[in-house]
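Note that the protein sequences, when read in sequence, are chains A and B.
Residue numbering for the first sequence follows this note's numbering, starting at 57 and increasing by one per position.
Residue numbering for the second sequence follows this note's numbering, starting at 87 and increasing by one per position.
Quick caveat, the hints were computed from the structure, so don't treat them as lab data.
Some clues are possibly wrong.
[Said to hold, decoys possible] Sample of chain B residues at the chain A side, in silico, Cβ under 8 Å: (1) Val137; (2) Phe145; (3) Leu161.
Built from N, CA and C at the ideal position, the CB exists for glycine as well.
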Amino acid sequence: MILIFLLYALAIGLLWTGKRRPAVLVIGVTFVLFAIWFKHHITDPLAIGL
Amino acid sequence: MSPALARRLNAVFVLAMCAMLLGAYGVQFGLGELPCPLCLLQRAGMLGVAVGGLLNVKFGIRASHYGIALLSAMLGGAVSVRQILLHIVPGTGSYGTAFFGLHLYAWALVTFIAVGAVIAVMLLLDRQFVAEPAPPHGYPPDGLSRAAFGLAFVVAVANVLTTLLMCGLGGCPDNPTGYLWLR
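Same shape as in the complex, but just chain A:
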């Protein structure tokens, strides 16, 4: 989880210094991590009570 925030901080820093393409790559990695982390936390898909 820390890694996602760390990567966002890195992306913001890269954007500030004018490095668009590396920043977009980093953002792409955060999306992948986000999906992995979300899936990891859905340990019981049927826990939604419906």
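Starting from the structure of chain A, add chain B where the hints point.
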């Protein structure tokens, strides 16, 4: 809407997202309610929306930048929906204090839907998309863009630090009760 005005609006949009994230800190430190893993993911979604706006501020308005913001909103919204559904059946409890009748994860969903609506409206305005490319290393910053970048960076770093304090280097507990590294 001129490209310059659109960039300024995007900077204001970034500041608004950061204000939401600072509000979450208000609940965390003011009420002592620690964020669960799903809460942290929703924070990440809001930060992703802000980063999409920063791309527009720095490199000019592009549909792909709005796409990054929208994708972040959708991911964050999915997490919010998940958390709402976990507690939607009466008697299954809830997470955190309700504000004006809704818990923070419900307000987060409202925010993500509002983000989608704002982006949809912005995409209707064609004049902001100019053929003239941005300078190679982006537009030089003005006061508003400096504030947007600065606040977004501070919020991102703050989330790194507070998550580290709460969870250490391992996974975050489903129901956090304290700061692991402060015990």
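Violated constraints from the hint list, given by number and in increasing order: Result: no hint breaks.
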